[in-house]
Amino acid sequence: MHQLNLRIFVVLCLFLSSLAPSFGRTESSSIDSKSTSVQKVIFDTDFSVPPQDDGTALILALKSSELKILGVTTVAGNATVQQATFDALRVLEIAGRTDIPVYQGANRPWMHEKTEFATRVHGKWWSDEAPPPPPGGFAKKLPETESAVSFIIRTVEQDPTEITIIAIGPLTNIATAIRQQPGFAKKVKKIVIMGGAIASLPNGGGNVTPNAEFNFWVDPEAAQVVIRSGIPIILTPLNVTAKTDFSKQWFDEIIAADTPLTRLIKQTMGPFYEKHPDVHSQMYDQLTVASLIDPTLVKAQDLYVDIDINHGPDYGTSLGAKHPWEGGEGAVKISVQYDVDFNRFIEMFVKRVSAK
Amino acid sequence: MNSTMLRAASFALLLTASSILALGEKPKVIVDQDARGPASTDMQSILMFAQSPDVELLGVTIVSGDQWVREEAEHTLRALEIVGRTDVPVVEGAQYPLINSKDESELWEGQFGVLEFKGAWTPALYHEPNLIPPLREGEPTTKPLHEHAVDFIIRMVHKYPGQVTLWAGGPLTNIALAIRKDPEVVSLARQLVLMGGGFNVGKSGIQEINGRREFNWWFDPEAVRIVMSANWKKVTITPLDVSVKTGLTPELQSRISKTDTPLTRYLTQFSEPSYMWDEVAVAAFLDPTIITDQKELYVNIDIDHGAGYGQTIFVEKGTSVPSWWKLATVQFDLNTEKFYQMYVHLMTLPVKAAQTASVR
Amino acid sequence: MKSWIGKATRFAMILMAFATIALAQKPKVIIDQDARGPASTDINAILMFAQSPQVDVLGVTLLTGDQWVKEEAAHTLRALELAGRSDIPVMMGAQTPLVNSREESKLWEKQFGSFAFKGAWTDRTYHDSGLVPIMPEGVPTTKASNENAADFIIRMVHKYPGEVTLWAGGPLTNIALAIRLDPEVVTLSKQLVLMGGGFNVGKGGVHRINGRREFNWWFDPEAVRIVMSAPWKKITVTPVDISVKTRLSDEVQAKVSQVNTPLTDYLKKYSQPSYMWDEISVAAFLDPSIITEQKELYTNIEINHGASYGQTIFVEKEVKVPSWWKLATVQFDLNTEKFYRMYVELMTAPPSSGKGNTKTD
Numbered sequence: 000m001h002q003l004n005l006r007i008f009v010v011l012c013l014f015l016s017s018l019a020p021s022f023g024r025t026e027s028s029s030i031d032s033k034s035t036s037v038q039k040v041i042f043d044t045d046f047s048v049p050p051q052d053d054g055t056a057l058i059l060a061l062k063s064s065e066l067k068i069l070g071v072t073t074v075a076g077n078a079t080v081q082q083a084t085f086d087a088l089r090v091l092e093i094a095g096r097t098d099i100p101v102y103q104g105a106n107r108p109w110m111h112e113k114t115e116f117a118t119r120v121h122g123k124w125w126s127d128e129a130p131p132p133p134p135g136g137f138a139k140k141l142p143e144t145e146s147a148v149s150f151i152i153r154t155v156e157q158d159p160t161e162i163t164i165i166a167i168g169p170l171t172n173i174a175t176a177i178r179q180q181p182g183f184a185k186k187v188k189k190i191v192i193m194g195g196a197i198a199s200l201p202n203g204g205g206n207v208t209p210n211a212e213f214n215f216w217v218d219p220e221a222a223q224v225v226i227r228s229g230i231p232i233i234l235t236p237l238n239v240t241a242k243t244d245f246s247k248q249w250f251d252e253i254i255a256a257d258t259p260l261t262r263l264i265k266q267t268m269g270p271f272y273e274k275h276p277d278v279h280s281q282m283y284d285q286l287t288v289a290s291l292i293d294p295t296l297v298k299a300q301d302l303y304v305d306i307d308i309n310h311g312p313d314y315g316t317s318l319g320a321k322h323p324w325e326g327g328e329g330a331v332k333i334s335v336q337y338d339v340d341f342n343r344f345i346e347m348f349v350k351r352v353s354a355k
Numbered sequence: 000m001n002s003t004m005l006r007a008a009s010f011a012l013l014l015t016a017s018s019i020l021a022l023g024e025k026p027k028v029i030v031d032q033d034a035r036g037p038a039s040t041d042m043q044s045i046l047m048f049a050q051s052p053d054v055e056l057l058g059v060t061i062v063s064g065d066q067w068v069r070e071e072a073e074h075t076l077r078a079l080e081i082v083g084r085t086d087v088p089v090v091e092g093a094q095y096p097l098i099n100s101k102d103e104s105e106l107w108e109g110q111f112g113v114l115e116f117k118g119a120w121t122p123a124l125y126h127e128p129n130l131i132p133p134l135r136e137g138e139p140t141t142k143p144l145h146e147h148a149v150d151f152i153i154r155m156v157h158k159y160p161g162q163v164t165l166w167a168g169g170p171l172t173n174i175a176l177a178i179r180k181d182p183e184v185v186s187l188a189r190q191l192v193l194m195g196g197g198f199n200v201g202k203s204g205i206q207e208i209n210g211r212r213e214f215n216w217w218f219d220p221e222a223v224r225i226v227m228s229a230n231w232k233k234v235t236i237t238p239l240d241v242s243v244k245t246g247l248t249p250e251l252q253s254r255i256s257k258t259d260t261p262l263t264r265y266l267t268q269f270s271e272p273s274y275m276w277d278e279v280a281v282a283a284f285l286d287p288t289i290i291t292d293q294k295e296l297y298v299n300i301d302i303d304h305g306a307g308y309g310q311t312i313f314v315e316k317g318t319s320v321p322s323w324w325k326l327a328t329v330q331f332d333l334n335t336e337k338f339y340q341m342y343v344h345l346m347t348l349p350v351k352a353a354q355t356a357s358v359r
Numbered sequence: 000m001k002s003w004i005g006k007a008t009r010f011a012m013i014l015m016a017f018a019t020i021a022l023a024q025k026p027k028v029i030i031d032q033d034a035r036g037p038a039s040t041d042i043n044a045i046l047m048f049a050q051s052p053q054v055d056v057l058g059v060t061l062l063t064g065d066q067w068v069k070e071e072a073a074h075t076l077r078a079l080e081l082a083g084r085s086d087i088p089v090m091m092g093a094q095t096p097l098v099n100s101r102e103e104s105k106l107w108e109k110q111f112g113s114f115a116f117k118g119a120w121t122d123r124t125y126h127d128s129g130l131v132p133i134m135p136e137g138v139p140t141t142k143a144s145n146e147n148a149a150d151f152i153i154r155m156v157h158k159y160p161g162e163v164t165l166w167a168g169g170p171l172t173n174i175a176l177a178i179r180l181d182p183e184v185v186t187l188s189k190q191l192v193l194m195g196g197g198f199n200v201g202k203g204g205v206h207r208i209n210g211r212r213e214f215n216w217w218f219d220p221e222a223v224r225i226v227m228s229a230p231w232k233k234i235t236v237t238p239v240d241i242s243v244k245t246r247l248s249d250e251v252q253a254k255v256s257q258v259n260t261p262l263t264d265y266l267k268k269y270s271q272p273s274y275m276w277d278e279i280s281v282a283a284f285l286d287p288s289i290i291t292e293q294k295e296l297y298t299n300i301e302i303n304h305g306a307s308y309g310q311t312i313f314v315e316k317e318v319k320v321p322s323w324w325k326l327a328t329v330q331f332d333l334n335t336e337k338f339y340r341m342y343v344e345l346m347t348a349p350p351s352s353g354k355g356n357t358k359t360d
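Chains as they are written, first to last, in numbering that gives the first Met the number 0: chain W, 0 to 355; chain B, 0 to 359; chain X, 0 to 360.
Okay, chain W solo, but in the shape it has when bound:
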């Protein structure tokens, strides 16, 4: 080929490849570009051991050198806050990471009261019952005496614009910190949230009430406060988690490795897969953490998002649109994930969770 033709060919190739949609190119700000330096994070969770998704989400975070977990803060949601605290302590113990402190947080949402529906549908956020022993018994280490909110405020104040919050449970602790500490919101680097479901996008139905996702539904007022706080937000809603699929296939791969953590996973999830080998689950929290580690795994767009906090049929529903709408004047632009390269995600997840 002529040299000029070669040059033209190369330029054309480059040009064409730049047109192709690729994961990692987002329509949003650069807050989630792949970072090369270690991110300091606070891990806020309504934790339980696997099979609860928070369980393996924490394991993924522990096995990722991109993240430095400064502390785990617990909140009522999937489990009581007490169970969240003691399950987290136990998992950290099994992982050999008792250097990471656990701070107990809110034992209930701001406003949402216990209802008969809540006791039936999912979660223990309305209860203060004593926590069951985690697998293998309670960890030797106790939670810190400092409260979760206090830790969160202190950490962010001491290191402004450097701390990322991973929030994979109801947002009660975060909202309380915002309201208790003037100027707090401005000092948070960013927050990645597992929550919500945007009805106007595909897979936008709720998983607890018709339109509401569980984390937001448990504490809608807190969710609204956080969404509107001005903190840079990356949202992992049901729309994107619907494109994940955890099944026995991946479970088998994980437990093929033999580590203290995979042994825990085998213990807690094994019997379930024995009985129900064909069950598929979404990977809500795991994707949230993974997308922080490697933002190129997901596609995201900027949307105006708000939360309905009127105590009616849509209580806790997240709403999102490209433009503001009547009644939604309080909505705020945030980055919302809507697609995932599942193959790359699951490969990374399995590899890290089963790593020594």
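It should be emphasised that the hints constitute simulated quantities derived from the structure, not laboratory data.
Each hint can be trusted.
Here are the simulated lysine to aspartate or glutamate pairs, EDC-like style, with alpha carbons at most 20 Å apart: (1) W/K332 - X/E102; (2) W/K274 - W/D251; (3) W/K298 - W/D338; (4) W/K355 - W/D98; (5) X/K319 - B/E108; (6) X/K158 - W/E145; (7) X/K105 - W/E328; (8) X/K325 - W/E112; (9) B/K325 - X/E108.
In this text, all values refer to a predicted model and were calculated from it rather than measured experimentally.
Please build the complex by placing chains B and X on the supplied structure of chain W, with the hints as guidance.
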């Protein structure tokens, strides 16, 4: 024609002319009522209009509220027979409010507390809507008009443009439906006069101490929102605040019992002591001087289905408000003696001899 | 001589014992306030407590409401200096309500009518939250504590279980945060006493004629819902209904001005005629006999963000209600003469009269 005949003729002409003029001057009124019977504040207000020589009562349109519409119509027909006013058509209207419902009210009560009075939905009094319990005051022989209340209202305001006062003593369902069916009702009507709502009074709400949840307005809040946001030439409100300053006491009733007419007998037998909610609104219409304190306020209602559902909302004149808020003249105090005198006077007037229902 | 000393010593010891007992018996109070200054109903309430020998004021916790929390702190510190009570610690708390916001209030006003008063958000007087405008009463030399208001409340009720009265004269954000941070605050407190809410009164609301939208409760309705739904041992409410039966008239102020102290001087210069919203609540706490009419009612607030957002809701005691409704003792009328006398007495007492052994470490 000689001069006497001429004089007689011109006198007759004058008489006719003046009577036509007089008839033309008598305000035309449609009474829209949730006419609980027998002899309630609702019925008494209808009877005040029926007895008054100073109004032309075009008809009584009925709406569910205190009772169901069908039984209310029967009670009204009977009452009008008793006072010899079978010329006044009785027209059945809405059986249910626009949105509110017995079921919703029960869900609401589960969250916010039991309501002491829910009209036709009150558990102790509840029966199926089409059931008409036997009338203690006697069954009527007349029948309601074969027309829906909403159509009757629309027809009348078109027939008498600018002349018809819509006087409402119950939930506003019929009127809301009328103005949604024909928006011209608002501009063709002369004015809207109503008993409803409450402002800053700690009595007589359907949870007693919350006067802002007044029964008529609570029963159909969406209707109130439609009606109170419309562009009436004038809106006059008789709220609970003034109602609770009155009382149909045994003493007052005994003043009526002194006279003996079919009406006074009916009242003596069936009236119960109570606030005179609707009677005040009629009296003030017939003689505005009985009102001693009133204010112009922007008045409307809360239609969010939460804790405030069905409560009156209001702001002062002079506040910057969007256009759906409308000014109303709200009555706050009255000359009770003058009012009682008027009430006794009207109720003790001789009843008319029975007339054939006129064709309208 | 010896016996004299002996007797004197013994007498002194008895006196000290009594003083200690008396001190131990003095009710402990935390004043949670949106302390607009200088010399408003808010500050007057703080001063009444500060001047009273009957109470042990553990501290003043502040929050945004009538003004921004930062400027309120400056005004409070200065007022306490003038009253000779710089021993009382001042803690700063919530800068904004839990959910309500200036932006939301503007959207709401577009639909439902503009407010006469929005505290720190009022357009006419609006300024940045960090700004402390010029203080005509002088700048304080003392400083606010580093401790956050909610943390202080939590610490105090644990330190003195069953003894601390939480007295609130402003929005309830701090108290709501405190009880969500530590639910034990509710059971460890002695009681909750507050000025707020309105029932059936046609004056004093943020839309004047709607007393049910009272400022403190409207500013943070979600906080009120949290606080009023909690199982306090006792709740006492001083609503607008009673506030409007009083007036800090020129006449009352003149009586205060008759005495000359740094405090009365301050009040003379900066007091304005007004309803005595918060002062009644303090007076009734110090002497319940000034209240001539009160009712036990289930009291709470509307938190749907529509036409009734921020309005008091209430039902009678006899009504069957779900468990989140709690009974409160609501004050409706008072002996105004007795009340004004108490106010004048407290304000004209020599500064530092209220000083006791306020240790809060």
